[in-house]
Structures are given as structure tokens and as C-alpha cells.
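Trainee: Residues 59 to 143 (the working numbering) make up the sequence shown, in order.
These are computed hints drawn from the structure, not numbers from a lab.
All clues given are correct.
Quick list of simulated restraints, FRET-style, between CB atoms:
1. 137 / 87: 33 to 39 Å
2. 135 / 86: 29 to 35 Å
3. 125 / 88: 20 to 26 Å
4. 135 / 94: 29 to 35 Å
5. 79 / 131: 16 to 22 Å
For each residue, glycine too, the CB sits at the ideal point set by N, CA and C.
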Amino acid sequence: MDPQVMTLNELMRQIEETERLIAVYHNADEVIVGTEDQIYSRRGLINRITLTAAEIGDQIVNILERRLDAMRAELLKLEGQGESR
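Kindly produce the complete structure, drawing on both the sequences and the hints.
Mentor: Written out as C-alpha cells, the structure reads:
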């Protein structure tokens, strides 16, 4: 099996986590954005900025909703493949 192919359980877990994150970002007052560098990863996030939810919250929620739609479509596809076997 291709290691990049997700199992149904993994995909369902990711869907649940994404649904949770949508609620978190939707209700957030502020969001901290930063970069992580492999060389400096022991230092945590670098180049951090704090943005208000009004500045970035909707964009993050929109991104997560698009990811969620794609994961749900993949789940339906995987479930359909299971039924045809």
C-alpha cells in the first residue's frame, strides 16, 4: 500500500481535527503566525507576529473549510471503493 494513501480511520481523525480547528479559529481573538526552520527548530517558531482575528481569522477558516471539503470528498471516494470490493 502506498504510504501516502490515508486509511479511513486516519482520514476521519483528520476531518474531526479540522472541524475542531475551524471552531477554534472562528472564535479566536488573535492568531500568532510564525515560521519554523529545520536548522533552528529547537527555538520554536521564529519571525512571529500576532494578528487579530479580524485581520486573518476568516482567511484561515476559509482555508480549513476548503481542506475539509477535500477530505470529505476523499472519504466518500474511499468509502465507495470499499463498497465495490
